[in-house]
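Engineer: Using the sequences plus the hints, can you model the full thing?
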Amino acid sequence: MPGMLAVLPSATLDGLEGRSIRVEVDVAPGLPGFSIVGLPDAALQEARERVRGAIRNAGFVFPPRRITINLAPAGLRKAGSALDLAMAMGILLGSEQVRVGPAAVALIGELSLGGEVRPVAGTLPMVAALARSGVQRVVLARVAMDEARLVAGIAITGADTLAEACAAVRSGRSRSRPVAKPRVTMAGRASAEDDRSPVGSRTQAAYVTDSVPDLAEVRGQAQARRGLEIAMAGGHGLLMVGPPGVGKTLLARTIPGLLPELDADAALAVSIVASASGEGPIRGLRRIPPFRSPHHTASAASLVGGGPSLTPGEVTRADHGVLFLDELAEFDRDVLEALRQPLEEGRVTIVRAGRSTTFPARFQLVAAMNPCPCGYAGSLPEARCRCSASTIERYDRRVSGPMRDRIDLWVTLPRVAASALVGQREPESSATVAARIAAARARSAARGDGRLNARLRGHRLRAACHLDDATRRHAEELADMVDSSARGTERLLRVARTIADLEGVAVVGHDHLDEAAGYRSTASRSGATLAS
Amino acid sequence: MIGVGTMGPVGSPAAREDFRSSAGDAYAPERDAWAVLASVGGLGPVAFAALLVRFGSGEGVLTAATEPGAVVRLADTPPVERDPGAPMRRPVPAAVARAIAEAAADRGRFLERLRGLAIRVVTAEEPAYPTRLLAIEMPPHVLFVRGPVAALQHDRAAAIVGTRHPTSAGRVCAGRVAAALVAADAAVISGLAYGIDGAAHESTIHAGGATVAVIGGGHDTAVPVGHDLLAQRIVDAGGAVVSESAPDVAPTRGTFPRRNRIISGLADATIVVEAPARSGALITASWALEQGRECFLVPGPIDVPAVAGCLSFLREFHGAARIVAGIPELVADLGWVSASPSATPDRLAGAAIQGLGDAAGRLALLLIGGVTTVDELVATADLAPATVVAALAQLEHRGLAVAHQGRFRPAGALLGERVRPMLR
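Sequence lines, in order, name chains A and B.
Numbered according to this note's numbering, the first sequence spans residues 1 to 532.
Numbered according to this note's numbering, the second sequence spans residues 1001 to 1424.
Keep in mind that the hints were calculated from the coordinates and are not lab data.
Among the hints, a few may not be true.
Unchecked claim - If we take Cβ atoms under 7 Å as the criterion, some of the chain B residues that face chain A in the derived model are: (1) Tyr1194; (2) Val1378; (3) Ala1393; (4) Gln1405.
Claimed, not checked - Pair ranges (Cβ atoms, derived): (5) A:Arg473 - B:Asp1106: 37 to 45 Å; (6) B:Ser1312 - A:Val212: 50 to 58 Å; (7) B:Leu1229 - A:Glu345: 30 to 38 Å; (8) A:Arg473 - B:Gly1350: 22 to 30 Å; (9) B:Gly1326 - A:Ala470: 50 to 58 Å; (10) A:Asp332 - B:Gly1060: 58 to 66 Å; (11) B:Gly1355 - A:Ala438: 34 to 42 Å; (12) A:Asp468 - B:Gly1361: 21 to 29 Å; (13) B:Ser1312 - A:Val505: 40 to 48 Å; (14) A:Glu345 - B:Gly1350: 47 to 55 Å.
Ideal placement from N, C-alpha and C gives every residue a C-beta, glycine not left out.
Structural biologist: As structure tokens, this is what we get:
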């Protein structure tokens, strides 16, 4: 078994980007050994054991030679297990157990000790990077084929095992089929991967109807329902404040059923993030806006992204969708502070050990919190809440100013006795409300460059509102009542613009402004706050 | 009670008359001297008075305090005789004497700071000192005032006090009483605390009246954190925030009951709205009785904890404490028939509702009737939620409604005439 040099294209994931990598395998005479160079991380060092096991158990021979693998470009830090398959194939080629055809074939995949090829996180961006670098064909795990096919201009071949992958790259027929080593197994063959992604095995529509509650299930809370509709129509930040059990979380969970489907560009961006965050193989473009609801114990790194391999965080996974922070006041202050940049700039820059990456984070913020630590302030009977006024105020102030600035709509949900709702009409369904939201979004998109009302600022906002003098004065007066700052006036105008869009009116009028003033912070209201 | 003796406020009445006649700029150094003395920790009213008698004036005290051997001289101040045969102790301990000497040495910086904070000082010797307060036992020698001193000297004044944890009915009630008092041309005195105090101040400002907040610490220490804005609005509306402590004196457990004697002392009558058992508001009510002022309590059901204190006080001081049987009745009991009959609260409410749009007018009536949440308003008025939200914002904008934790209640001119039965 003579030795030679094999060079194969593969790819690794760097943040949200795929990077094409040249895997160079030298099988040389000398003391048997196996080393990997070219800035591999710990998971990559472990690849040696996976590759050794996979080659042996697939029925090949692990060559007793001095094996050196170089990953080029050497300056780029490589992480993860996506290079396993390329390294194993390089050893087989270098030891001439497999002969390769003339075309450039890239390989992406993790190997099991038994020689199975497993899908890896980030298939979509990695295949896209390979296509850009001119590779004509890529071999990867069969379950990841649908995801890889989202990339145009590159042929996709699926392989379940190392042997199948060999067959895919081999020129002509093999002289002898490898015979896999016998094995005992107590785990079923069915892989758990398929069930990991909710979108994976079912259609998107089924996903929405199955796991997203309908607005018709929410009784009462007329103001919050209306606030939610406005927020979704304009992409505004929304905060719901109310005691436990009034329906804040239920309302928020109806959001995926209210938002219109994403356009192709947004859907691709969302799919890439989902792929890179390891949400499992993706079956088709994700048209449903993401809805992320991290728990309030989440760390800053899990929210904005980070970690040794610069993994995207929840804000990035909520890009083009909604980030729902339940129990907002229970989040660590540091964690909420970390949200400032993404809230203000729509992207987040993470610096780790001298590297920096920028991830998109154009999410819509929806949050819910209790009015006080015990949750019962404002509930009847009034003696139920024993929090002092200053305790309630401190609780309220956990939500910092910059965060408040990004929240256009504030809704308070009081506990309402069931008997009070008898006279009310049947609640509307998600479909009815979603139709109105889609119509309003179409109106605001037709007005300008297609940006949502929540992103309107300055002269662009004023132009969109078509205010006459009397209305402008009214807006300023109302803003004085809510909170007198330029930001306060803009917030009011943005919301009023969306309300007018929902009504199908081109000019913002008094009534729209009045209603917009009804959705604002208790805390920023002048003076009266908690005292009276 | 609570560390205040029965000594008169100042030294010789003749000296006071002298200063009154020469009040004005000529008095400024003496006023400053009193302010400096009032800032000395541990210097109580008895010692203050004794020092004035011993050294003739505040300036005299400070001059003595800057001379060599001052501490010994100050500590040697003889007590002022009050009851013959009562035990006589030296009123100025050495530690306090040292503190006076230090304050005297540092007086420039202190006075500069007072001016920087725009705090006015008024002493018990000056004609501007509120006459009602001068009439109580042991009035504070010095008042530190933010806002016009004249606000303390209103012809009619009533205090509204109560719990910091009121029910929303209690808040509405405090607001109505305040609005009625403003209509009767009276100033409203309270303590700037959360709850009833805040509602009383708010409603007075809304109704265009003058209100005075008496705080328990100095002006530069935190009043209730959420009420610093309210304090500013009180001053902006022509009212005043008053303290007997120098700016940097932090409020302590003991200062609030002492402060309460000033609240009742500045008022002709004290009205308690919602006080649970052992409420501080009841201390104010006791002070009012002790000072010979009227004391009114708003009653309530016997099984509501928030009014338990009012009921037991009425029972305990049967004959002295009076009951609020209704807002017109209260105004009549006070003997303050409103000067301009057209401005009574119910007429104001009627006029306010007429000036509103259809939806807002209907909602205003429902709010007065005790409907509080958007859901209930939507169901009762059969209006679209969007219309209800817009109309409520309009009411709030006009000062006719106030929102608290998602519940709305009437405010300003909508506070009708009769005390509405307690809801729930």
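Engineer: Take the hints in turn and mark each one as holding or not.
Structural biologist: Hints, one by one, checked against the model:
1. Taken as an interface hint, Tyr1194 of chain B checks out: its beta carbon lies about 4 Å from the nearest beta carbon of chain A, inside 7 Å.
2. Because the beta carbon of Val1378 of chain B sits about 5 Å from the nearest beta carbon in chain A, less than 7 Å, this interface hint is met.
3. Interface hint at Ala1393 of chain B: satisfied, since its Cβ lies 4 Å from the closest Cβ of chain A, which is below the 7 Å cut-off.
4. The interface hint given for Gln1405 of chain B holds, since its Cβ lies 2 Å from the closest Cβ of chain A, which is under the 7 Å cut-off.
5. In this structure, Arg473 of chain A and Asp1106 of chain B break the distance hint of 37 to 45 Å, their C-beta atoms being roughly 52 Å apart.
6. In this structure the hint that Ser1312 of chain B and Val212 of chain A lie 50 to 58 Å apart at CB holds, the actual value being about 56 Å.
7. Taking 30 to 38 Å as the suggested C-beta distance range, the pair Leu1229 of chain B and Glu345 of chain A conforms, at roughly 31 Å.
8. In this structure, Arg473 of chain A and Gly1350 of chain B meet the distance hint of 22 to 30 Å, their C-beta atoms being roughly 27 Å apart.
9. A hinted range of 50 to 58 Å is violated for the C-beta pair Gly1326 of chain B and Ala470 of chain A, which are about 42 Å apart.
10. Taking 58 to 66 Å as the suggested C-beta distance range, the pair Asp332 of chain A and Gly1060 of chain B conforms, at roughly 60 Å.
11. Distance hint for Gly1355 of chain B and Ala438 of chain A: a CB-CB separation of about 40 Å, consistent with the stated range 34 to 42 Å.
12. Range check, Asp468 of chain A to Gly1361 of chain B: Cβ separation about 25 Å, and the 21 to 29 Å hint holds.
13. Checked against the hint of 40 to 48 Å, the pair Ser1312 of chain B and Val505 of chain A fails, with Cβ atoms roughly 59 Å apart.
14. Under the hint 47 to 55 Å, the C-beta atoms of Glu345 of chain A and Gly1350 of chain B, about 53 Å apart, fit the expected range.
Going down the numbered hints, you'll see the structure goes against 5, 9, 13, while the others check out.
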